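Please work from the sequences and hints to get the whole structure.
Residue numbers (this note's numbering), protein chains in the order written: chain A, 18 to 202; chain B, 18 to 202.
These are computed hints drawn from the structure, not numbers from a lab.
All figures in this text were calculated on a predicted structure; none of them were measured in a lab.
From the three backbone atoms N, C-alpha and C, an ideal C-beta is built for every residue, glycine too.
One or more of the hints may lead you astray.
Stated by the list, open to error - Calculated cross-link-like contacts (lysine-lysine; reagent style PhoX-like; alpha-carbon spacing at most 20 Å):
no., chain 1, residue 1, chain 2, residue 2
1, A, K91, B, K178
2, A, K31, B, K93
3, A, K93, A, K71
4, A, K93, B, K31
5, B, K91, B, K106
6, A, K91, B, K31
7, B, K75, B, K91
8, B, K93, B, K106
9, A, K91, A, K106
10, A, K106, A, K93
11, A, K178, B, K91
12, A, K75, A, K93
13, A, K31, B, K178
14, B, K71, B, K93
To be verified - Chain B regions said to be covered by chain A (calculated; three or more residues, Cβ under 8 Å):
no., stretch
15, 49–63
16, 176–186
17, 196–202
There are 2 protein chains.
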Amino acid sequence: MFSIALLHFPVYDKNRQVVTTAVTNLDIHDIARAARTFGADRYYIVTPVAEQQKLVQKVTDHWQSGWGSTYNPKRKQALDIVQIVPSLKAAVEDITARSGRVPKIVVTGASERSASLSLSDRELSELVSNGDQPFLLLFGTGWGMTEEVFDSADFVLEPIKGFDDYNHLSVRSAVSIYLDRLFGR
Amino acid sequence: MFSIALLHFPVYDKNRQVVTTAVTNLDIHDIARAARTFGADRYYIVTPVAEQQKLVQKVTDHWQSGWGSTYNPKRKQALDIVQIVPSLKAAVEDITARSGRVPKIVVTGASERSASLSLSDRELSELVSNGDQPFLLLFGTGWGMTEEVFDSADFVLEPIKGFDDYNHLSVRSAVSIYLDRLFGR
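Shown next as structure tokens:
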């Protein structure tokens, strides 16, 4: 069992200041559709900002019970797994309550991290499919999750490598690729 | 050598009518960043609508030579490979002029297609890396490319499969996953 979380706080901005980023409509939809396609239990949207939480709720309500639910039922199915939480801690507590076990936290990032905690896609995929242990995959917005988030993780997934040293995928692309590598086919 | 094209015409709408869809800002950015990351020669945005072509040009100009080019140079690098064309035929002609060879057309789609033309990711990846033959991967918007586009293709890539029968990825997710499968690592 695995879930994913998209962190809007704490993340860095361009100048490495810790900020809260805004939730975007396509981050809700694209990532919910990818998460649903690849079998995530929950897609947590993490923001401490009450107004942003309301915005997400409004979007999900529209597609889940409003006009959108009959216009496009596939969106409803994807948004059924979306859950808004104020913090990473709240996501961890929710998974613990749902599954009876504390999830292992997995981070992803463009830079190489300490090898001691690193996992290949295959290793994580086997861990997830072989046991009752829940996993929570974290993805950052802005210019990436803070060092504190990385330091608190149990595992770090190897970064996505492209053709040369250019590697500036959107978070929507990165989530999609990781979920396919881990749980596709 | 490979390029990708995002077709806004001819594609189906929800009711299987052939329509021209609108270009969206994130389709320009997300797909350009993924295409650049995985080494595409060109990312063709295909629309016959002059106003839409101008819109794309305005966005790419902003990031390539306007204020955006110094604010975020990584965007510039991604948008350098974007090319607006009025039709699929124009994209094919451009590749032919650039490479001296007519590209082979590869389509992707959620549904299973005739096995005679089908290729696995690995087979296509080997074909692209082993020769001088250029390839053009097509992606549709709306509810997918028309049957005529599929029928005119040289090869069909196997669909992305998820956890169960739910498979409703955004085109941004689908492009990212295919490019990673074909050209990642």
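Failing hints, ascending?
-> Structure breaks hints 5, 8, 9, 10, 13.
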